[in-house]
Structures are given as structure tokens and as C-alpha cells.
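Participant: Using the sequences provided together with the hints, build the complete structure.
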Amino acid sequence: MSDITAPAYRAIPIIPALKPGAMEGKGPFIATDKMNEALGFPGHLVDDWHDRAIAKMGELLSKYRSFKVFMDACVHCGACSDKCHYFIGTQDPKNMPVARQDLLRSVYRRYFTLPGKLFPKLVGARDLTREILDEWYNYFYQCSECRRCSLFCPYGIDTAEITMAAREILDSVGYGQKYTNEILGKVHRIGNNLGLPGPALIDTLEGLEEDVKDATGFDVRFPIDVKGAEVLLITPSADFFAEPHIDSLIGYAKVFHASGTSWTLSSMASEAGNFGMFIGNYEQLRKIALRIRVAALELGVKRIVVGECGHAWRVAYSFWNTLSGVGSGANENDHFAMMLQKQLDHRYKQPAHICEFTWDLIERNALTFDKSANDKYIITFHDSCNVARGASMGDLPGGQFEIPRNIIKAVANNYVEMPLNTIREQTFCCGGGGGVLPDDLLEIRVKGALPRMEVLQQVADEHGVNFMATICAICKAQFTKILPIYGFDRKVVGGVHQLVSNAIQLGQK
Amino acid sequence: MASIVFAILFYFATLLLVVGLLYRIYIYARTPVPLKIPTTPAPTTTGGVVLRMMREVVFFESLFKSNLWIWGLSALFHGSLALVLMRHLRYFTDPVWGWVDLIQPFGMYAGLTMLLGLCGLWWRRIFVERIRYISTPSDHLMLLLLIGIAASGLMMKFVVHTDVISVKEYFIGLMQFNILTLPADPLLFMHLLMVMSLLVVFPFSKLLHAPGVFFSPTRNQKDDSREKRHIAAWAKKLEASE
Ligand code: SF4
Ligand code: SF4
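Which chain is which? The protein sequence lines are C and P, in order.
Residue numbers for the first sequence follow our numbering, beginning at 1 and rising by one.
Residue numbers for the second sequence follow our numbering, beginning at 1 and rising by one.
It should be emphasised that the hints constitute simulated quantities derived from the structure, not laboratory data.
Incorrect hints may appear among the rest.
[What the hints assert, rightly or not] Just the calculated beta-carbon pair ranges, DEER-fashion: (1) LYS227(C) / LYS228(P): 49 to 57 Å; (2) HIS346(C) / SER197(P): 56 to 64 Å; (3) MET54(P) / ASN365(C): 36 to 44 Å; (4) PHE214(P) / LEU122(C): 26 to 34 Å; (5) ALA22(C) / GLY79(P): 35 to 43 Å; (6) LEU102(P) / ALA8(C): 30 to 38 Å; (7) GLY79(P) / LEU122(C): 27 to 35 Å; (8) ARG132(P) / ALA242(C): 39 to 47 Å.
[To be verified] Only some residues are given here: those of chain P computed to face chain C with a beta carbon under 8 Å: (9) PRO32; (10) VAL33; (11) PRO41; (12) GLU56; (13) PHE60; (14) LEU63; (15) LYS65; (16) SER66; (17) VAL159; (18) THR162; (19) HIS209; (20) VAL213; (21) SER216.
Every residue gets a Cβ at the ideal spot worked out from N, C-alpha and C, and that includes glycine.
Facilitator: Listed below in C-alpha cells is the structure:
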């Protein structure tokens, strides 16, 4: 795959011409029987896949209003058609959000609507064939569930929801993706996506304590499984060993240290990521979220804080209260949720993002920074898609944009924005989200990164930007790999708490 | 004879529209929403959601953000259509309500702007590559049908006048289940037939975007997932074993 090169930047960001079939293919590696079966899916494509797929579609239509309404409401206006980074980067018309939806909608129309049953040609309805099933597998794994299209649709049609439904149908007939399903298995078996067992984790953390001691002279702790700690930190497992993720983990630990907060990690719930969302499977989503509930109950913590991770923050912010009761405001006689909510301290947001936690301390003047420590950087901020359009922070809508930027400006002197139509709620996905991160999808990853790389290049040329901060483990992993292909240094990407870590003064307050 | 056929067709079309739409709405309302999925930033209060929905329905806010061409043409078409429909109330009320009289002059020209908007939308469907790619034959037909309705209506207004007084009497009669004579005017017949086809296809087609938008969870949900526990009945059942 080393022959994959970056597509050319567009001179002016015009809407690209169509290149039908540009990204046709077999899709990502498929999961083995063992991986699928571990999640309760058929091991491989079942013989009666046709009937089962249609039955599953019917089931989802009755369980999810979003899916049902979105199947019906699209008027083919095309407002979303040029909004997807994968379409912009590949020019494959099937990567236009509406066309991606239509891969599924055409089958919906054939089996679930009267006009589709009577006049399939007229309304673009299609019988489900093996070719269509393969097409689903290929193109629904070229969507990162980033929701950019939903922002522009007059009916709020969210292709991410359609993609989740399609993947759910595929899994139900034994046509799973290796990357996601393998990782889901690891999280159940071992506790995190990387498959880092407890003892290895403890080792890593001890090593980190020594490193930080050497670098700063302070005994910054990385506690794990400490009963009675105030804060339980749930962070993506990439933070424990991947570069540049680990620098943000050090940043969190320094913030906890400087503010005198007692905190702990959990070896059982050593993962913030929840890939159950990627495949749209409620049971998986729920099962993975429940680990955090169990850890919180066992450790008796008062607050739950989530590290830098995009889709994880969406799941935590938007879904945890529903899935596992991590949140506030449950009904008195909702025993399941109350069991946990009685224990949590509701003067604080539950769950809280690490950026909310840090910003709160900064606002209360509880942290000291030497901003000049970040002077070698001219910094910009890449909003991660699932934080931007699937979650929030603080009390006001849009807090998810302000709070990380406020932190950066509090710890560094040089900050520059990328163009407005590529940031905040209009941000472009990094190109590797939602299950599109494995190396077998490198081509789509490189091409999908085009819109972000174009504007990064622009601010690099105009303002000398040399650091793009972000708060997502997948963004960090994706850009580390993609940046060199576009001619940047891989170290241009890093976490917000990496900057915090550089500037924070320990032992000051 | 034509009067009776049209009467039967009209009752049938209206019934189908009403029953079909109510059934759809019932299905949407009954289908659970297991997760909080507003497209953020989203309002945190019910009042905020009502405002967001109003901006969406009245001003096509998202479309405006997306593409000024589609926005302009859709706004022109839908705005004109609203005026035209309001103007048509005069054929179903006696005496005509004051405000309907007031908008009469605008309503007449709205027919023209409606046609303009429709033609613009069709032009895009044919000549913009991306939109041509996603269009199905029914998308073209739907526009053609609307163009036909607008054009036949305008013809009657500005070119070959029809006996509107009798048309009005006929419809007021229909509303009282009393079938009078409909003027035998081919343009009028065409106009009415096309309107009836529209009523019939409404609950089975993409015209469902009209009720659909109100049920779209990404637009009608409050952003309060951390403050209030939201759970669907089928999901709550999974907790029984916990
Ligand atoms: S959710 Fe994102 S990746 Fe998927 S179709 Fe929409 S814009 Fe493209
Ligand atoms: S913007 Fe919405 S209605 Fe328009 S084509 Fe896209 S999904 Fe369909």
C-alpha cells in the first residue's frame, strides 16, 4: 500500500466532477468466524442472507425513528452531495452522502414501500442482490459517521445513522469488518481496544511516573484501581502508549497533580472508545458502556472524567446516561440508574470531558502556566467530528468549540484559526473515524484527509502554523500516518493536553 | 358525468391523503427513539428546539448553510406555493375571508414565481452533474407534475379563462356532499387531475419530507443528555437482568 500518494490540492475548493467507480472494491478486510461469533454474529455470510438482511432492516425500521424517517424524507435535493470529505477526496459519486444513503434506500423502497413494490424502476428501487450486499460492505465502510452531511440537510438526515444501520444489517448476516469486530472482542476480553492486559498497563504507568519524575522532578502519579478516589478517568487506550497520545495522558496527570485531585484509572474499564457505535449495535454499545458503570460502582468514585477522544466523547456525553446511567436526572424509581447516580457528585457534570475539567480549574485560577513553553509552536485547532456535531461541553451550545480553544489560548501564545467553513460545526473529519482507521483502508484515509490538509497547508503557508491540536485519539493516529504523505512532519499533530503538559507549572499553587 | 367522476375522484383522493398521512404520522410517532442524536450545537431547552424547527421549516436554515442556489430556488417555490394555496382558499369559502382577499394580488403572481422556482429546480436536476446522478425518474416526474399544475393554473388565470364562479360553486357543493356541475373545460380537468394525483402520491412518496422534518431526531431533540436520562422502552427491558 506504500504506493498511495496524496491527491492534489484543489486550486480553489470547487466541487469536484464525478468519477463513477473510483472507489469500487472489495472493502476492508472481513472479520474471521471467531471474531464475529465472539460478538454473537454469524461467523460468515449465512446462506439465507437475503431474507435475514431484509428482516433485520424491518426490525431496525421499527426500533429507530431516525432510520425510518430518514429513509422516507429525502427529496434528493443534493444539499448534502458535496459535503462529504470522502466524496471531495475520491470524486466517487457513491461517496456523496445522499448516494450512500440511496444504496440502502433503494432496497428499503423495494421491500417496504408501495411504489417500490409496484414500480421499482420509477422510484429507483432495487432487489437486494449479492452485488448490492458487497456494494454496501464497500461503501458503508467509506463513511466515518462524522455527521457533516446531517448539518446541511434540510431534514437533518444523518448518513451516520444509515451507515450504522447498514453495518448492523451486514453484521447480522455474518459480513463483519475485521478491524471493528476484532477490537470489540478485545475490549470484552481484555478491557481495552489495544488488548493491553492489566499487568502491562500497570508497568506502563509506572514507567510514565519515572519519566515524568526525570523530566520535571515532581512525583506525578498515574494511579490505577484505587478505591475511593474522587475521579475515575476513562481514556482511550491509545493514550497509554501511542505517540502523540501519551503526551496528553501526561498532561491530564499533571492537571490532577497540580490541582490536588485524587484520581484513578481502571484496569477493567481501561478504554473510552466504544466501537459498538461504529457498527450501530445497541447491545454492543451498551455492554461496553456498562464496564464503566461497573468500574465506577466498584471504585466508589464521585466523578467520571473522559480523556481526549472524539467518538468516545459522543458516546459518553450523549449515550452514557441512556446506556449505563452515567449522568444525572434519572427518575427516582429508575433503580438501575439511581444505583450509580446516588453515588456521583452532581455539582459537577457527569460525565465531564477532561477539557471541561481543566478549563474549570483555569477559570478558577487554580493552575499556573508558562505560556512561553509553547512558543516554538504556531497552533491551530482541528475540531473532531463527533465532538463537534455529536456532543457538547460546558453549559452553552457550542461549548465544545470554545472550551478547547480557551485552554489552548491559556497555555500558549500563538493561535491561528483555519477557515471558518472547515472548523467548528462545519469541521471535516480527519478521514479515519468510525471504523475507517485500519491500514487496509489507507487509500480512502489519505483521500478523505484532503479537505483538512488543504486548509492546514493554507494556514501553514500564510501563518507558519506548525502544530495542529486535537482532542481525539483517532484524529491523532490518522494524522500521524497521513501528514507525511502530504509532506508535513508527523509531529504536527498533538493533543490539547500535550500543550497543557508543556506549559503547566507544578508545585506552584 | 364528468362532474360525478371528478367528485368521486376527489373524495377518494382526499380520503387517501388524510388516512395515508395520519397513518404515516402514527408510524413515525410510534417508532421509538432509543438514543439522543441531535446534531450539535443544539438547543438545550424546548423553546430553543421550537425555534430551531421554525427556522428550519420557515427559512430552510440548513439549506441556506449548504447551497444558496438550492436554497433560493426552494424558498421561491415553497414560499410561492404557500401563497398560491392560501389564495385558493377563496374557492372553498363563502364569503371569502378578509385576509384571503388581501393576499389575492400577491397570490396571482406567486403562481408565476412558483413556476420559476420549479423550472430552476428542474434545471439543476438536469444540468448539475451531481444532482442528475442522484435523481430517479420519480424525482423528475414529481417536478413535472408540479410544473403542470402551476402552468395549467396560470393558463386559466391569464390566458383561457374558466368559469371560476361555477368551479367555486362545485367545490363548495362537494364540501356539503352536494354534486353540482363542473364547467367542461379541458384545462380545468387537467389541472384538477394533476392536483388529485399529487394528493394521492403524497403519503407514498418523498413528499413525506413535510411531516418527516418534524419527526427528525437530529432536529427535534434537546441537547440535555447529561441532565436527564433518556431511555426507550425496548432498551429499558435490557436492564431487567442487571
Ligand atoms: S457521515 Fe460524514 S463520512 Fe458519512 S456520508 Fe456523511 S459526511 Fe460522509
Ligand atoms: S440534503 Fe437531505 S434531503 Fe437533500 S439529498 Fe441530502 S439527504 Fe436528501
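Participant: Let me know if the C-beta of THR162(P) comes in closer than 8 Å to any C-beta of chain C, holds or violated.
Facilitator: This interface hint is violated because 32 Å lies over the 8 Å limit.
Participant: Given the range 27 to 35 Å, decide if the beta-carbon distance of GLY79(P) to LEU122(C) lies inside it.
Facilitator: For GLY79(P) and LEU122(C) the Cβ distance comes to about 29 Å; the hint holds.
Participant: Given PHE60(P) as an interface hint, is the shortest Cβ-Cβ distance to chain C below 8 Å?
Facilitator: Hint holds; PHE60(P) Cβ to chain C Cβ min 6 Å, cut 8 Å.
Participant: Under the criterion of a CB-CB separation shorter than 8 Å, is SER216(P) in contact with chain C as hinted?
Facilitator: holds (4 Å)
Participant: Does the nearest C-beta of chain C fall within a distance shorter than 8 Å of the C-beta of LYS65(P)?
Facilitator: Holds: closest Cβ of chain C sits about 6 Å from LYS65(P), inside 8 Å.
Participant: Using the beta carbons of ALA22(C) and GLY79(P), state whether their distance is inside 35 to 43 Å or not.
Facilitator: holds (39 Å)
Participant: Hint check: is the beta carbon of VAL33(P) less than 8 Å from a beta carbon of chain C?
Facilitator: holds (5 Å)
Participant: Does PRO32(P) pass the interface check with chain C, least Cβ-Cβ distance below 8 Å?
Facilitator: Because about 6 Å separates PRO32(P) from the closest Cβ in chain C, which is inside the 8 Å limit, the hint holds.
Participant: Given a cut of 8 Å on the nearest C-beta pair, is the interface hint for LEU63(P) held or broken against chain C?
Facilitator: Status holds, d = 5 Å.
Participant: When you take the CB atoms of LYS227(C) and LYS228(P), is the distance between them in 49 to 57 Å?
Facilitator: violated (30 Å)
Participant: Just to be sure I understand the hint, the distance between the Cβ atoms of PHE214(P) and LEU122(C) should be within 26 to 34 Å; is that true here?
Facilitator: Because 27 Å falls inside the window, the suggested range holds.
Participant: When the nearest CB of chain C is found for PRO41(P), is that gap smaller than 8 Å?
Facilitator: holds (4 Å)
Violated hints, listed in ascending order, are 1, 6, 17, 18; each of the other numbered hints is respected by the structure.
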